[in-house]
Structures are given as structure tokens and as C-alpha cells.
Amino acid sequence: MGGEAVSRFWREIPQRYNLIGTKCKVCNRIYFPQREVCPFCRRKSIGKMEEVKLSGRGKVITYTIIHVPPRKFEGQVPYAVAVVELEEGVRVTSQIVDCDLDKIKIGMEVEATFRRIQDDGWTGAIYYGYKFRPVEKHEDKK
Amino acid sequence: MREVAIIGVGLTKFGELWDKSFRQLITEAGTKAILDAGIKGSEIDALYVGSMSPGRFVGQEHVGALVADSSGLSVMHIPATRIESACASGGMALRHAYIAVAAGIHDIVIVGGVEKMTDVVGSEATNILAMAADQEWEAFFGVTFPALYAMIARRHMYEYGTTREQLAMVAVKNHENALLNPNAQFHRKITVEDVINSPPVATPLNLLDCSPISDGAAALVLCPLEKAKEYTDKIVKIIGSGQATDSLALHGREDICTFMSTVKASREAYKQAGIQPKDVDVAEVHDCFTIAEILAIEDLGFVKKGEGGKAVEEGLTARDGEIPVNPSGGLKAKGHPVGATGVAQVAEIVLQLRGEAGKRQIPDARIGLAHNIGGSGASCTVHILEAV
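So the protein lines, in turn, are chains A and B.
First residue of the first sequence? That's 1 in my numbering, and the numbers climb one at a time after it.
First residue of the second sequence? That's 1 in my numbering, and the numbers climb one at a time after it.
You may find that some hints are simply not true.
To be verified - Restraint-style ranges between C-beta atoms, simulated for each label pair:
id: 1; chain 1: A; residue 1: R8; chain 2: B; residue 2: W18; range: 49 to 55 angstroms
id: 2; chain 1: A; residue 1: Q76; chain 2: B; residue 2: E314; range: 50 to 56 angstroms
id: 3; chain 1: A; residue 1: K48; chain 2: B; residue 2: V388; range: 43 to 49 angstroms
id: 4; chain 1: A; residue 1: P39; chain 2: B; residue 2: P224; range: 47 to 53 angstroms
id: 5; chain 1: B; residue 1: K229; chain 2: A; residue 2: P39; range: 43 to 49 angstroms
id: 6; chain 1: B; residue 1: N197; chain 2: A; residue 2: E50; range: 28 to 34 angstroms
id: 7; chain 1: B; residue 1: V75; chain 2: A; residue 2: Q76; range: 17 to 23 angstroms
id: 8; chain 1: A; residue 1: R8; chain 2: B; residue 2: D119; range: 41 to 47 angstroms
id: 9; chain 1: A; residue 1: P39; chain 2: B; residue 2: V388; range: 50 to 56 angstroms
id: 10; chain 1: A; residue 1: K53; chain 2: B; residue 2: P224; range: 56 to 62 angstroms
id: 11; chain 1: A; residue 1: R35; chain 2: B; residue 2: E193; range: 45 to 51 angstroms
Hints in this document: simulated from the structure, not taken from any laboratory.
Beta carbons are placed, not taken as given, at the ideal position from N, Cα and C, and that holds for glycine.
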């Protein structure tokens, strides 16, 4: 990405900063990222999708350690990305941080943490969002 | 609905073809297909071309018109349509050309697939390929395309005990097959150890688990079956065509180890063809990464879910196995110019069914299948062909 208007990132702030998803008030399914229409209730869900904040806690479904990154992530290698299933049942993809990469396991409990994700260089915007860290390590620190 | 035949195929060499431009590649493939079919250019009613991202790879959009123009067809003002479906762009172009001929809208249609990927540096190619993933909810966080397949591989190993060695064996087999394909990008035999010791890209996948960045083009000529005999006796007909989708993002699926798009598209194609998976004599499947071939043979129904790794290890998919898979060398070793891939897979199946595949010929191949995936399984086409 590069050369984009900042509005593209600004409009996603509630989702990326605070994990705001949507809940279909017809079937109670929760979605993240937000959906305009519930794929199961379809027209019945129109106007009945309500915003809901997700807990940010979940477990690792699968993961990888990236050694060959996209350009903007060159300074971060090696880094871990995972598919995380949140308590609410929705799955998201992001990085796993604050732990040894070789300690990451399928089933590991993680929680969302607010982090810098990428930027447009020295003079450009900085983009923030969620990453995940192990739950245990965080509790050890207390 | 009319029955549809493929009466001509054309392929360029695949590889880092620094001396060839986008338009030269597709014109070369198209010209070869026209000569192979024995048709005149003036008989062509329409053109479909699959290309994933010419806008980013060579800074050119509007390539339907470009391809018609460069191949000399724009003077006839024929309809020319570019189709995009990430790495399934080629299979999707064939699918829509097939629909047009079957429906009676057009008679003689040329289908092309092309990608010119080496006009950008490698890291930019990585960025462009990641555009097949969900930009806002996967790529934004630093996810690459190999990373998505690596996460599938990790989960497959966890759920089914698939081994690092079994993944490597897919690459070893396909490199060996490519030795017999003069158009292949790689003519280099590799070992399981070579794959395991190659540099990590996204664990557990290494460099030699990944298909390469390639330039290349492929083309086919389609016509109604009843007209095919006017042009050639080497007729291959399309007996099944399926297309399906799934969530754009990998995390949008309940089962990370199954491509439901493959399951749905292949069942649709099998049903139309009136065959079972075991009836397939030869298959070209979408092995953009080693794990992808294991998933493909499971989801196409060649083996049970979870047994793909074992099947590769036991030689089921070797050239002399029960269901030879990727005799061309596959995406892994033949090369993967993304838009060209789906068309080139079908071209290989046509050559196999005509008995013209040279040293890599599968003896007595009568029914062949081509399986093309876009993204991490969000799009799929399956085509089943039969020698007439």
C-alpha cells in the first residue's frame, strides 16, 4: 500500500483500534470485520445489525513465522502471524507478539493488544491496530 | 446447451523471459493456438483473456482490448473481455468462454491467459500477489500469500499428521515431471533434503515449497463440438465445468484445511460429466505451494481428507501412479505466471488426451481434469475434458 488517502484507514479505526464488530439481532451471530448484512438472515437482517465490542481474548487456530515479508514489514522479520479464534467465535488474522516465536503453539491463549502495524515512511501516516500476545505471559507480569 | 470442443492449444515457454513483453507473450500463445486449430483469424467470434494484475505488474489495464489489438483481431472489432479472479483468472476465462459457446452466443472463441511478472522486483511481486488476499483484514497486518498457505499447512500437520517430508515430496515429484516438459521454468531435479534445507519463507514452508514468479502465456481455441470436425480430428471436448467461491479471507472459514470452493466446483463438474473422481486418468491441480496440491487431491475426492500427504508419499500421484497429478511439472516447476496458469493447465490436459505430451505422456489417458484456484481458495474452477 502507498499513496492512499488517509480516509481509507481512518474509517476502519473503530474496528482496528477497539475490535468493534457487528451482531445480527435476528440470529445473534457475531461478525468481525463488520458486515452490513448477515449471510444467514440476509434481508431479515437489514437494519438489524448492531455494533458490538469483542473481548479480544481467544486462542491460536494456526500460525506461521514470516521470513520473506511485504516491503513495509521488512524491518520486522522474522515475525509471527496467526488466525485467532476469539471467545465470541469469530476468527481474525494478525501478528503474535511479546513472546518467543518458538513458544507459539496451536491452542495457545492470546489477547488483543493495541500496536503500531505499519506506516507510510518518515513523513507519512502511522497505522495502528490489534496484535495478539500470550495471556499467560501478560498475567505473569502482574 | 451445445457441447463444446477444444480444437487448438498454444503455449509459450514459462520462466523469467526478460526479452518478452506482455503483449508479445499473449500474441505468441494465441498465434500458436490458432495455427494448431487450423482456423483462420477471421473466423474468431470472440476473445477472453485471463490476467490477474497487469495493472500492477506492467502498469497496463484494459488488456482485453490490448490483446485483441496486439494479436491483430481489433481490425475485426470482435468482443474482447478480460477476466480477473486472482490466480484462477485463466480457468475463469475458459469457463466464461465455454459458457458463451455452449449457450450459442459465439461459435469460435479464443481463450488466453497471461502474466508478465518479472517487470517488477521480487518484493513488489510479493505485494501484488498478496492483493488476492483480503487487503484490509489479512494483508494490512503483514500477511503474505505464502503465509496463508503456511497456516493451512501448519493446521493440516496438526490435524492429520501430515509431515514436513510429505510436503517436500510434492515439490520433488513436480520438479521431476518438469524435466520432461520443454516449456517448464525449472529443469532441475531436487531432493526432499533440498526442500527442507531451502531458506524459510513462512514456516513451515520454505523456498522450494513455493511456485516461482514467472512470465508466460497460454491459449485455447473453443468451438461447438458439431463444428470441430471441420477443423481437426484431434478433438477434445469439455464434459464438465464447475466454478465456486468461498470467503475471501482464510480466517472466514470453519475448516482451514478444506477448500469448499474446490469441493463445490469439482462436484458440479463431476455431475455434469457423469463421472467419479476415480475415473480421472490425469489431473493438473493448483500447486502454488506444496500444501496446495495435498489439499487439492483431497478436496477433488481423489483421496480422503487428511490422506493427501500419505498419498503423495506412496506414489499415488506420480506419473506411473493411480492418478498422475501435474505431469507438466505443475505450478511449482513448470512455473506460475498467474493469469496464464489456468489456461496452461487445460492445454496440458488437451495434449495428454491427444497423446501429444511427449516424454511425459500418461499412457491411455482418456479423461483429464484441470483445477485452478484463486487466492487462498476463495475462487475455484474445475474443468473435465475427454478425448473424442
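Indices of hints not satisfied (ascending)
Per hint list: 1, 2, 3, 4, 6, 7, 8, 9 violated.
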